[in-house]
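> The residues making up each chain are set out below.
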Amino acid sequence: MMRLLTEWTRLRTGMVVAALLIAVTGLSGCAGSARDAEAADAARALHDALARRDGNAACALLAPRAAEGLETGGAVCREEILRLDLAGGDVREVRVWGRAAQVRTAGDTLFLTRFASGWRVTAAGCEPRPAEPYDCEVEA
Amino acid sequence: MRRFVRENALTLFFLLIFLLALAGQAVTGMARLNHDLVAEGAAPVSLLAYVTSGDFAVDVAENWQSEYLQFFLFIVVTVWLVQKGSPESKQPGEEGAGSDKDAMVGAFARAGSPRWARAGGIRRWLLSNSLGLVMGVLFLLSWLGQSVAGLSAYNAEQLGAFEDPVTWAQYVGSAEFWNRTLQNWQSEFLAVASMVSLAVFLRQRGSPESKPVGAPHGATSVEN
Numbered sequence: 007m008m009r010l011l012t013e014w015t016r017l018r019t020g021m022v023v024a025a026l027l028i029a030v031t032g033l034s035g036c037a038g039s040a041r042d043a044e045a046a047d048a049a050r051a052l053h054d055a056l057a058r059r060d061g062n063a064a065c066a067l068l069a070p071r072a073a074e075g076l077e078t079g080g081a082v083c084r085e086e087i088l089r090l091d092l093a094g095g096d097v098r099e100v101r102v103w104g105r106a107a108q109v110r111t112a113g114d115t116l117f118l119t120r121f122a123s124g125w126r127v128t129a130a131g132c133e134p135r136p137a138e139p140y141d142c143e144v145e146a
Numbered sequence: 209m210r211r212f213v214r215e216n217a218l219t220l221f222f223l224l225i226f227l228l229a230l231a232g233q234a235v236t237g238m239a240r241l242n243h244d245l246v247a248e249g250a251a252p253v254s255l256l257a258y259v260t261s262g263d264f265a266v267d268v269a270e271n272w273q274s275e276y277l278q279f280f281l282f283i284v285v286t287v288w289l290v291q292k293g294s295p296e297s298k299q300p301g302e303e304g305a306g307s308d309k310d311a312m313v314g315a316f317a318r319a320g321s322p323r324w325a326r327a328g329g330i331r332r333w334l335l336s337n338s339l340g341l342v343m344g345v346l347f348l349l350s351w352l353g354q355s356v357a358g359l360s361a362y363n364a365e366q367l368g369a370f371e372d373p374v375t376w377a378q379y380v381g382s383a384e385f386w387n388r389t390l391q392n393w394q395s396e397f398l399a400v401a402s403m404v405s406l407a408v409f410l411r412q413r414g415s416p417e418s419k420p421v422g423a424p425h426g427a428t429s430v431e432n
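Quick note, the sequences are listed as chains X and V, same order. First residue of the first sequence: 7, per the numbering used here; consecutive thereafter. First residue of the second sequence: 209, per the numbering used here; consecutive thereafter.
By construction, these hints were calculated from the structure, which means they are not laboratory data. Watch out, some of these pointers could steer you wrong.
Per the computed footprint, the stretches of chain X lying under chain V, defined by three or more beta-carbons under 8 Å from a beta-carbon of chain V, are [to be verified]: (1) 69-75; (2) 99-113; (3) 133-144.
Ideal Cβ placement from N, Cα and C applies to all residues, glycine included.
Sequences are here, hints too, so could you generate the full structure?
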């Protein structure tokens with residue numbers, strides 16, 4: 007009986023530790039390699055569309071607010087985004103937390119948000135500023 | 209079954225209202241988040257997605273850690289500090305862990321005493337301090353959970369504001385982490401100070417947390 011109890015206690019401890027590990031890795035984003043890849047793909051797709059000079063495809067990858075941000079003063083997103091001359095390059099780093107992501111490429115830093123339809127770019131052409139948010143050419 | 213419920217009614221009642229309140233927190237928290245998401249033009253999240261998110265976990269854990277800290281401190285500090293007239297306190301002069309006879313351990317253990325009360329060494333020490341130890345460990349685990357879940361929620365906010373995410377070490381040194389922690393601690397400490405001191409002068413007839421209604425204000429360690 008005592009052995010059974012000891013085994014059960016060990017099993018229960020193991021289950022609690024496993025649950026904690028799953029919770030910790032899930033929350034910290036360590037288990038998010040698939041999400042990392044999806045966010046990186048969205049950033050790459052934007053840069054590919056820009057490389058093809060396909061303004062419509064590029065604007066479709068922006069979050070609605072980011073696309074609207076380019077349409078001030080009668081400007082049209084598909085034309086405006088091509089004028090910005092955003093740099094692309096290989097994906098160097100992807101950081102995903104919750105529904106938000108940051109993708110660093112060789113020439114750019116992008117921020118993304120996960121929508122029901124997938125990852126959309128909320129900011130691109132971003133330069134870091136000390137003690138302030140990034141300064142971005144496109145932003146929601 | 210009926211007897212089990214009656215004999216454990218206090219625990220069962222609090223477990224039930226805990227689950228109801230937690231469910232209410234989940235539903236209202238999801239509604240608040242979805243209101244913000246829709247306003248931003250993003251898709252709303254499901255209840256399952258919300259209860260497994262850092263946003264929900266940090267709100268739960270920051271409250272849990274402060275409650276367990278409150279009880280840990282209440283249990284341990286009342287060994288050494290007294291409040292004259294409070295039913296939550298020992299008599300002035302009785303500060304400390306007390307004698308083996310008072311604790312009913314070792315040679316003073318009785319027929320129904322737990323086995324480890326009769327044992328010596330580490331087993332007796334563990335049983336003698338098990339309530340404080342478990343509350344202390346639950347506090348530390350909840351606090352660790354708060355830091356991990358809080359990091360997740362904080363970094364999602366950072367990215368949403370076009371700022372770099374921070375490391376766990378940076379987060380536990382941040383104003384965000386300590387503000388969340390201290391705003392919970394201050395309310396727990398006030399609640400304990402209120403309970404200990406108000407129970408000197410106020411009564412609740414029938415409650416074991418109160419002195420008998422007719423007990424003098426100066427009578428310490430007298431419970432219903």
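> Please go over all the hints and tell whether each is borne out by the structure.
Each hint, compared with the structure:
1. Restraint check on the segment 69-75 of chain X versus chain V: 3 residues with Cβ-Cβ distances below 8 Å, three needed, restraint holds.
2. Coverage of the segment 99-113 of chain X by chain V holds in this model, with 7 residues showing a Cβ closer than 8 Å to a Cβ of that chain against a need of three.
3. With 4 residues carrying a beta carbon less than 8 Å from a beta carbon of chain V, the segment 133-144 of chain X meets the three-residue requirement, and the given coverage holds.
Of the numbered hints given earlier, the model fails none.
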